[in-house]
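Protein chains: 2
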Amino acid sequence: MTTAHLYTFTGSEALMARARKVIPSGIYGHQSPSFLTLGSYPSFLTRGEGCRIWDVDGNEYIDFMCSYGPIVLGHRHPKVEEAVRVQQARVDCQNLPSEKWVELAELLVSITPAADWTVFAKNGSDITTWALTVARAHTGREKVIAAANAYHGTHGWCAPNPTGIPAGERALVKNFQFNDLEGLKQVVAENKGEVAAIIISPFRHDFFHDQEMPDPGFPEGVRALCDQEGIVLVLDDVRAGFRLNLGGSWEPYGVRPDLTCYSKAIANGYPLAAGLGREELRPAAESIFFTGTFWAGAVAMAAGMATINTLREEGGIEQMRAMGQRLRDGLEQQACSLGISITQSGPPAIPFLTFGNDATFEKSRVFAGEAARRGVFLHPHHNWFMMAAHTERDIDQALAVTEEAFKIVKAQFGG
Amino acid sequence: MTTAHLYTFTGSEALMARARKVIPSGIYGHQSPSFLTLGSYPSFLTRGEGCRIWDVDGNEYIDFMCSYGPIVLGHRHPKVEEAVRVQQARVDCQNLPSEKWVELAELLVSITPAADWTVFAKNGSDITTWALTVARAHTGREKVIAAANAYHGTHGWCAPNPTGIPAGERALVKNFQFNDLEGLKQVVAENKGEVAAIIISPFRHDFFHDQEMPDPGFPEGVRALCDQEGIVLVLDDVRAGFRLNLGGSWEPYGVRPDLTCYSKAIANGYPLAAGLGREELRPAAESIFFTGTFWAGAVAMAAGMATINTLREEGGIEQMRAMGQRLRDGLEQQACSLGISITQSGPPAIPFLTFGNDATFEKSRVFAGEAARRGVFLHPHHNWFMMAAHTERDIDQALAVTEEAFKIVKAQFGG
Numbered sequence: 001m002t003t004a005h006l007y008t009f010t011g012s013e014a015l016m017a018r019a020r021k022v023i024p025s026g027i028y029g030h031q032s033p034s035f036l037t038l039g040s041y042p043s044f045l046t047r048g049e050g051c052r053i054w055d056v057d058g059n060e061y062i063d064f065m066c067s068y069g070p071i072v073l074g075h076r077h078p079k080v081e082e083a084v085r086v087q088q089a090r091v092d093c094q095n096l097p098s099e100k101w102v103e104l105a106e107l108l109v110s111i112t113p114a115a116d117w118t119v120f121a122k123n124g125s126d127i128t129t130w131a132l133t134v135a136r137a138h139t140g141r142e143k144v145i146a147a148a149n150a151y152h153g154t155h156g157w158c159a160p161n162p163t164g165i166p167a168g169e170r171a172l173v174k175n176f177q178f179n180d181l182e183g184l185k186q187v188v189a190e191n192k193g194e195v196a197a198i199i200i201s202p203f204r205h206d207f208f209h210d211q212e213m214p215d216p217g218f219p220e221g222v223r224a225l226c227d228q229e230g231i232v233l234v235l236d237d238v239r240a241g242f243r244l245n246l247g248g249s250w251e252p253y254g255v256r257p258d259l260t261c262y263s264k265a266i267a268n269g270y271p272l273a274a275g276l277g278r279e280e281l282r283p284a285a286e287s288i289f290f291t292g293t294f295w296a297g298a299v300a301m302a303a304g305m306a307t308i309n310t311l312r313e314e315g316g317i318e319q320m321r322a323m324g325q326r327l328r329d330g331l332e333q334q335a336c337s338l339g340i341s342i343t344q345s346g347p348p349a350i351p352f353l354t355f356g357n358d359a360t361f362e363k364s365r366v367f368a369g370e371a372a373r374r375g376v377f378l379h380p381h382h383n384w385f386m387m388a389a390h391t392e393r394d395i396d397q398a399l400a401v402t403e404e405a406f407k408i409v410k411a412q413f414g415g
Numbered sequence: 416m417t418t419a420h421l422y423t424f425t426g427s428e429a430l431m432a433r434a435r436k437v438i439p440s441g442i443y444g445h446q447s448p449s450f451l452t453l454g455s456y457p458s459f460l461t462r463g464e465g466c467r468i469w470d471v472d473g474n475e476y477i478d479f480m481c482s483y484g485p486i487v488l489g490h491r492h493p494k495v496e497e498a499v500r501v502q503q504a505r506v507d508c509q510n511l512p513s514e515k516w517v518e519l520a521e522l523l524v525s526i527t528p529a530a531d532w533t534v535f536a537k538n539g540s541d542i543t544t545w546a547l548t549v550a551r552a553h554t555g556r557e558k559v560i561a562a563a564n565a566y567h568g569t570h571g572w573c574a575p576n577p578t579g580i581p582a583g584e585r586a587l588v589k590n591f592q593f594n595d596l597e598g599l600k601q602v603v604a605e606n607k608g609e610v611a612a613i614i615i616s617p618f619r620h621d622f623f624h625d626q627e628m629p630d631p632g633f634p635e636g637v638r639a640l641c642d643q644e645g646i647v648l649v650l651d652d653v654r655a656g657f658r659l660n661l662g663g664s665w666e667p668y669g670v671r672p673d674l675t676c677y678s679k680a681i682a683n684g685y686p687l688a689a690g691l692g693r694e695e696l697r698p699a700a701e702s703i704f705f706t707g708t709f710w711a712g713a714v715a716m717a718a719g720m721a722t723i724n725t726l727r728e729e730g731g732i733e734q735m736r737a738m739g740q741r742l743r744d745g746l747e748q749q750a751c752s753l754g755i756s757i758t759q760s761g762p763p764a765i766p767f768l769t770f771g772n773d774a775t776f777e778k779s780r781v782f783a784g785e786a787a788r789r790g791v792f793l794h795p796h797h798n799w800f801m802m803a804a805h806t807e808r809d810i811d812q813a814l815a816v817t818e819e820a821f822k823i824v825k826a827q828f829g830g
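Chains as they are written, first to last, in this note's numbering: chain A, 1 to 415; chain B, 416 to 830.
Next up, chain A with everything else stripped away, as it sits in the complex (with noise of 0.2 Å):
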């Protein structure tokens, strides 16, 4: 990594060139190239270790993004790969589950407050899906409420963008603003006895949006409001998840959730999501199908346990918080000296930063690009992640970088 040394592409663009004939849009979904700044950006990486990436054309990065979350402890960390390693010698996928199954399991509940028993599956998606499921087979009710413009995975009832997706689907599910504790009461009156569960990330992190730490009393209201209404609360927890706190992202205020929600860090990059869920609603997991091919493979969950357990042993929560910080603090610190407005928001181990007056981003996309050409990944739009991989070294080494991005983004558009 140089900052004298501007990043090019052409390995890039040559198999992006490739992929568009075999492939829709080349790359499509969260990964896609459009959402990135384009021209500033590889297509695709070939190695990681750490918080180091590199892509196909050898240029390194400090990874701020790790996978959209699952790299929690950091690219190939020994601990983890060690127990995929013993693992993939003995079994990964069967006709019948491995101990592992058990194991983790057991794991979890003990780790987590409001849980007495756990699910598992594949995707997010897979498990916020699963919750919603559970909730109306428990309360024998179909309509849930979500938060507006929340991201709560790729099922109909959820993805972003409502094309090919019956009409009916998504009409099940009701708005309320993040934070607006009576306009969500107002909902639940307005469809009374009809709502099964609230889904809710622990804070707000839209893509697009500055992120909204909960309101004080906000996660109570929530709470005390579903207790009264026999709704069942869901905290998908699938970004947040494993980076906060380990007994789940609403235990520091108390809080226990009826269902939680996780997957992408809970492996640290192996393909793994889990439900959690407490005992009253034991009966309803019960009595609905859930189940997937891959869903009880041994590797990805000898990787959970290394990954929970070495987050133990090592402090990883409170690494990324304090690296998230001295992040966060130094880029303060920079925008200040030159003058330029920012805000930074959310919980320091998964920051986002935007800019004042930048309405439509630009700003965000010529300072995430001028950080990428020079070797640090960060993202225009959609919310940054810790790994307790990050060193003091690593962050200062990024700061030198994002310095002259902030000053490329006032030369270019003023203060």
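Hints listed in this document are in silico derivations from the structure and should not be mistaken for laboratory results.
Every residue, glycine too, gets a C-beta built ideally from N, C-alpha and C.
Hints are not guaranteed to be accurate.
Have a look at the derived ranges for each label pair, beta carbon to beta carbon [as the list claims (entries may be wrong)]: (1) B:PRO698 - A:ALA359: 28 to 38 Å; (2) A:ASP396 - B:ALA582: 56 to 66 Å; (3) A:GLU60 - B:ARG500: 18 to 28 Å; (4) A:SER34 - B:ALA639: 31 to 41 Å; (5) B:ARG500 - A:GLU190: 48 to 58 Å.
Assemble the complex: chain A is given as a structure, and chain B must be docked to it using the hints.
Below, chain B without anything else, positioned relative to chain A:
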């Protein structure tokens, strides 16, 4: 494995007691022990190698379930494991796809005459549901047609158990009987201009039912009907794909679907799914939302390339067909000698056996249970699977066990 000593399962039972505390039903879904013969099967497996698997009590089995499909070459096939090892040393799940994203798409398109492009996901159900979304986007219609009792996955529209699923999500699915072309035409006529897709498996493989190969002219008739009515033809090749024909399971009939759904055997047990489509559907595929955090994971894609290439190079399809036929011939001869009425159905590589006068599958449960206790892992009411690792010696060893199991069925139920 010995026929003198009947297996016991104290280790499985102890693990199951722990599982019941922290997991609904202990084991849920297709791996639930309630679907097997209680007391005659293990509940947990701990190792696999070639066509042999071992449970947590150390009992060894010849595996004829292949993890419900995925294991097509053999457990821990050296070429797949080597490709996985090489890829794991570089990268798996990152911020962007790896070069494997392009290489696997190119390989799939190159072997599939019906397809011009492909997309990836993790579950078969991700892809069958994706196919309906693409078809709905393409046609602007909402209804879909599927064969009655066919299994297409775990999403709301197709889960076998409707508990907790909004009624409206399932009301858009209309049914016909597999192989009943006139019945299908009638359903289309009753919903004229409203049907987005017909989704169908290449042959009938519902559980609790003899398998049915398509009648002569049926695939061609479905294709012609779709062409005439502007309906998207979706082949759900999740269960059969990569076992019958590497170009797609309806390729031998010369019938090409608009969209093809693959998962299970695509990567010899590593979690992966793929949707393939023809050029005309590309704009619809580009218009919808479809993504998942782990979907571009390079390790499963490297496993997929090694699996497909090895199947081609080593004649895996032909080996499965030949060994499936050897198993079928042996079972036929045994049943005939003992005067037991059986029906064997489906393609040799995806075999199944039912007993005459056995509506409640009691004979099947005894037969499969007695085989399991002697080291042969079959299933009482779900089709079985062959893998390329089965040798003549394995088949003959399995047949020595099935002969004993047949004799017990005869002693218990008569001829």
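| message | The hint says 31 to 41 Å between SER34 (chain A) and ALA639 (chain B); measuring C-beta to C-beta, is that right? | response | 39 Å, holds
| query | Holds or violated: 28 to 38 Å for the Cβ distance of PRO698 (chain B) and ALA359 (chain A)? | reply | 30 Å, holds
| said: If I claimed the Cβ atoms of ARG500 (chain B) and GLU190 (chain A) lie 48 to 58 Å apart, would that claim hold in this structure? | reply: With a Cβ separation near 57 Å, ARG500 (chain B) and GLU190 (chain A) satisfy 48 to 58 Å, so the hint holds.
| said: Within 56 to 66 Å: is that where the Cβ-Cβ distance between ASP396 (chain A) and ALA582 (chain B) falls? | reply: Hint holds: Cβ distance 58 Å, inside 56 to 66 Å.
| Pairwise beta carbon distance, GLU60 (chain A) to ARG500 (chain B), judged against the given window 18 to 28 Å | 24 Å, holds
When the structure is compared with the earlier hints, no violation turns up for any of them.
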